[in-house]
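> Read top to bottom, the protein sequences are chains A and B. For the first sequence, numbering that gives the first Met the number 0 begins at 0 and goes up steadily by one. For the second sequence, numbering that gives the first Met the number 0 begins at 0 and goes up steadily by one.
Source of the hints: derived by calculation from the structure; they are not laboratory data. The structure displayed is predicted, hence computed values, not measured ones. In this text, a Cβ means the ideal position worked out from N, Cα and C, and glycines have one as well. Hints may contain errors.
Said to hold, decoys possible - Partner residues aside, some chain B positions facing chain A, computed with beta carbon under 8 Å:
{"id": "1", "residue": "Pro-123"}
{"id": "2", "residue": "Gly-134"}
{"id": "3", "residue": "Ala-139"}
{"id": "4", "residue": "Ile-193"}
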Amino acid sequence: MPDSNAAAVRMAPRTGRQLREGDVAWVGSEPRLRAARCLDCDTRVFPAATVCPSCNGERMAELPLSDTGTLYAFSTVHIAPAMWQTPYTIGYVDLPEGVRVFGKIEPVAGLAPDARVRVCLEQADDDAQAPGWRYWFAAA
Amino acid sequence: MNHANLRPVSVIGTGMIRFGKHRDLTVPQLAQPAVREALREAGLEPARIQAIYAGTATSGWMPGQRVARDTGMSGIPVINTENACSSSATAFREAWVAVAAGLYDYVLVFGVEQLTKLGGGTLPLDQDDIEVANGMVMPALYAMRAQRYLHDYGASEADLASVAVKARRHGALNPDAQFRTETTVEEVLASRRIADPLTLLQCCPTGDGAAAVVICPTEVAARHGERPVRVLGSHLASGRFLPGFRDMTIPEITQRCSAELYEDTGVGPEDLDVLECHDAFTIAELLYYEALGLCGRGEAVSLLHSGATSLGGRVPVNPSGGLLSKGHPVGASGAAQIVEVVRQLQGRCGPRQVDGAKVGLTHVTGGGTSGFDHGACAIHLFGV
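With the rest of the complex left out, here is chain A:
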């Protein structure tokens, strides 16, 4: 796909939420999406939570998510609130840790459910006071 289009998916104003610095975990020198796992009931949740939404427990451990997963379903959106630059593609990606993450997808021809995709992360400074990260998915 054309580079300009890829840039629009990632960089259009307010395209995708900026994660806080703490929403990213490090595996060696690689940034990963940071989920949490409940040490009592094994519920996994992204973004990471300090209280388990299944059992209300507080023993939550950091769970760095894998950088590749399987696309469950996606849609290219043509009508959206004015803040969004359309069209854009969004979808759900299933990661090996048992966590389904919703996000923007770089659209490529022939994309279909069950495709392999990778997680992309980049530093973002939408909020100059609290720089963080932005994530999206691209074909693996």
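Assemble chain B onto chain A, guided by the hints.
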């Protein structure tokens, strides 16, 4: 739930305005004709109403009080409910609980919404939600369900479009419907793309509307109106947080809410003569055939094409035209579904009448927020 101490409740009055774009009216002006019609049908002066339950999602503060003020009912308890698309169905449930428990005898329920004041397009969702903050809009949520359903069960986009064709065929017979013209599969598929694979005519329209009902204990219902309709059951469910991988072709909250209601009442899907379901998008109606138990998993397209869910079929679904054709002024829809099913059971629906209908169901759900199938679901059963 323990229903042993509850009184039977009946609907004795119904009212609604034609759904559509009513930009020049205020919210109380939208609701007033529906409320007055329901009171008139019930044969009740406003002073007889003991409480008002008002459902709306986007009408601001105290919608019930503003309508009460303009219809001679100010001063009595007013309960305003917001539960997304289930707002007025939730109001109806709370009213039913109050009358069934013996708290009040005569209660007004209404739903109202003015979506045109939001400017059209997709509904505004909570920006604090991580999915919304990454571009989720309601059509896309349903579009992904559609994509996965087509992928898993080999259905086609033309199958989806056939739901809209049926809705518009029914709506053409309903004077209160926003859309009163028929359409074709080709026209539906050629309409503007909204969220692939859903096209414009597969999405409920932006519109305004209001609907109202009056309920009372069944033991006195015969004094008010000729054909009271019994409330056979009322059930409300909330979204259950489901972590991990979930099958988006299974509307979990609808499946659970209907199963619990069927168990509570002893009425099953095989007993239904008519129903109104939450067909906000074409795929939704197909998923709800399965979730409500009208057919098995993966059988919805066959059921649709068999004609069973069309007027004249075994169990007509959305004879009013449904959300796709009648329209979906969010908070008004639950009450409007009840108006339709009550009038069907009273045999008052003219060219769209389901012959001999004795048992009907209304189903409304909704509310897009991460971690849930939907936030709320209210299902009601009625009988004569």
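> Less than 8 Å between beta-carbons is the criterion; does Pro-123(B) satisfy it with respect to chain A?
Result: holds, 7 Å to nearest chain A Cβ.
> Does Ile-193(B) meet its interface restraint, that is, does its C-beta lie within less than 8 Å of any C-beta in chain A?
holds, 5 Å
> Hint validation: Ala-139(B) versus chain A, beta carbon distance must be below 8 Å. Holds or violated?
Holds. Min distance 5 Å.
> Tell me if the interface restraint on Gly-134(B) is satisfied: Cβ within less than 8 Å of some Cβ in chain A.
holds, 5 Å
Violated hints for the displayed structure: none, as all numbered hints are satisfied.
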